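Chemist: Starting from the known structure of chain A, arrange chain B on it as the hints suggest.
The listed protein sequences correspond, in order, to chains A and B. No gaps in the numbering here: position 25 of the first sequence is 25 in the numbering used here, and each next residue is one more. No gaps in the numbering here: position 493 of the second sequence is 636 in the numbering used here, and each next residue is one more.
Derived by calculation from the structure, the hints in this document are not laboratory data. This one's a predicted model, so the numbers in the text were calculated from it and none came from an experiment. Treat the hints with caution; some may be incorrect.
[Unchecked claim] Partial list, computed: chain B residues near chain A (C-beta under 7 Å):
| no. | residue |
| --- | --- |
| 1 | Gln-459 |
| 2 | Arg-463 |
| 3 | Thr-464 |
| 4 | Ser-467 |
| 5 | Leu-471 |
Just so it is clear, CB atoms sit at the ideal spot from N, CA and C, and this is done for glycine as well.
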Amino acid sequence: MNRPLELLMVEDNPADVRLTREALKEGNISNTMHVVKDGVEAMAFLRRMGIYAEVAKPDLILLDLNLPRMDGREVLAEIKSDPELRRIPVVILTTSRAKSDVFTSYDLHANSFVVKPVDLEQFFAVIRSIESFWFGTVTLPPG
Amino acid sequence: MGRQTHSTLNSATYSMSSNESEPSATSFVHQGVPESHERLMGIIASATDAIITVDDQQRITVFNPAAERMFRCAASAAIGQSLERFIPMRFRPAHAEHVRRFGETGVTNRAMGAQRPLAALRSDGVEFPVEATISQVVVGGQTLFTAIVRDISERRRAEEALRESEGRLRAIVETAVDSIITIDERGAITSFNPAATRMFGYQPEEVLGKNVNLLMPEPYHAEHDGYLHNYRTTQIKKIIGIGREVIGRRKDGSQFPMELAVSETRLDERRVFTGIVRDISERKRADASLARQSEELARSNIELERFAYVASHDLQEPMRTVRSFAQLLQRRYGEQFSGEAEEFFRFITDGVQRMQSLINDLLTYSRVSSQGSAFASADCNEIVSRVLENLRASIEGQRAKVDVTPLPKVIGDATQLGQLFQNLLVNAIKFSGQRGPEIQVHAVENDGEWRFSVKDNGIGIAPEYFERIFIIFQRLHTIEEYAGTGIGLAICKKIVERHGGRIGVESEVGHGSTFWFTIPKREKARI
Chain A
1 MNRPLELLMV EDNPADVRLT REALKEGNIS NTMHVVKDGV EAMAFLRRMG IYAEVAKPDL
61 ILLDLNLPRM DGREVLAEIK SDPELRRIPV VILTTSRAKS DVFTSYDLHA NSFVVKPVDL
121 EQFFAVIRSI ESFWFGTVTL PPG
Chain B
144 MGRQTHSTLN SATYSMSSNE SEPSATSFVH QGVPESHERL MGIIASATDA IITVDDQQRI
204 TVFNPAAERM FRCAASAAIG QSLERFIPMR FRPAHAEHVR RFGETGVTNR AMGAQRPLAA
264 LRSDGVEFPV EATISQVVVG GQTLFTAIVR DISERRRAEE ALRESEGRLR AIVETAVDSI
324 ITIDERGAIT SFNPAATRMF GYQPEEVLGK NVNLLMPEPY HAEHDGYLHN YRTTQIKKII
384 GIGREVIGRR KDGSQFPMEL AVSETRLDER RVFTGIVRDI SERKRADASL ARQSEELARS
444 NIELERFAYV ASHDLQEPMR TVRSFAQLLQ RRYGEQFSGE AEEFFRFITD GVQRMQSLIN
504 DLLTYSRVSS QGSAFASADC NEIVSRVLEN LRASIEGQRA KVDVTPLPKV IGDATQLGQL
564 FQNLLVNAIK FSGQRGPEIQ VHAVENDGEW RFSVKDNGIG IAPEYFERIF IIFQRLHTIE
624 EYAGTGIGLA ICKKIVERHG GRIGVESEVG HGSTFWFTIP KREKARI
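Chain A with its partners taken away, still in its complex shape (with noise of 0.2 Å):
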């Protein structure tokens, strides 16, 4: 793939999406990182609406579940139901350790979960799994 690949996180911690981009920024994929703080916007921009009517379909989407608004669970049941949307992978990154939101994520049809580490060389380190686990190792479908 020649093209940048095209990440979406959805987070409202501005400390998270930071330590993402510069755990990122170690690895070595190019790619270009979108930001949302909250479910609503993160519909808008899969939906292309409104200020993102020219942004690009994402290729993978890391999604926390607790958000303002409009919150991960219902965003991903949106996605997941949406023929246009739904083959987009998933991410889950949270720091809930609950079962009750493992499983309902994966009932949801969420393609991973992933526990945010509270070490930054952990943090960083799932990061980059993250990153070359979807950007190398899998093939994404063609967009």
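Modeler: Quick look at chain B alone, frame taken from chain A:
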């Protein structure tokens, strides 16, 4: 036998004969009108009351077999003797006076001893209570007095016993804290004790004879006659001998909860129902307040746990941010740090580290009750050896000797029990002082429970801290001396309490500590 004594009673002369020990046959001597006299003598001889006749000199002329038995004196010994002989000394003057006045008034028949107790004297000196009827007949110018004497010792004793038992009963009824109310089978109140007056506000005279349903509010008030009627006709007991909680109504119309026990007594053909009423307002209030309190406690416990859980989750987020960026700072700019910057930076990372431990421990603490597993059979030998495996690095590092005697199986949460042993062992190793830690894990069987102990030879604890160390965040040492959050023993306590046991410590400063806890024996696993 057959000794005869004269007597001139109209037409017959008779005597009663007996041997010394036992009154027996009586023989008569006829002087005319034989048949009627004989019949009379027969009656006298077979009477169960003593019949004694005296002449105007108070000399005994007739002394029947009943008298012989009653006074323990043979007729032969009595006849001709003064009657006084059978009257206790202290009554003799009064007796003489009575005889004199009796003669003067000319009354021919009189019951004695009805007004006041009358006593007689047996030949062996024993006094006994009697009732006597005395009559006088003038025969041939001579006045004869005949006394019919009945020994009432038995009756007295029975009366005494009855009085005593009645007195006892009355004392109970009068002083009872519970109301005691009796009714007849129509429901009319027949007795009402002082407690009933206090409880219902009625004086006995206000309610005696009234329908007991005046003590009941509706619907009991209207239904009570029906209950009684049903019971009379069906004999099916709805309350008798069962007891139940009902509502009572006081004179002022106020109502109160009461416990009512009813018993039934049959007196000949009549039935008497006794109701014992206990005012349970206090108990109800206490019950309600207790229920409210335990509800509040449960709610506040749940809230506390939720709070601890949420707080630790939400606290994780900013802590993670601080920690991550501190690490990022060091990673990118660490080489440019001055000595002072290095020191400041260490405080930041240490603080973060500590905060993280606190949060994790708090989370563990809150999870003891919120996320515990169901109880099952758990082998403490396996649990402890797993814990020792976890702690191998620090045991070897400290050259600790851990001696474990065989431990029992208990019913509990194996994960939590592991945490319990681990916390106690970690402490035993940590607070070892200068010496190499020597630790003993031991269990003994007590009444209905297992008592486990973890004994060390470490620095020990002063008695004033025995309670405090189990309270969350209570520490006895500075962080520099001994690291820790002060949650370990609080978690232990919570785990033990979840298992229905107790935890404590025995220790002396400088002589080691023995932490012990109990786990009740259970038949089966329960949630």
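Chemist: Looking at the structure, which of the earlier hints fail to hold?
Modeler: none
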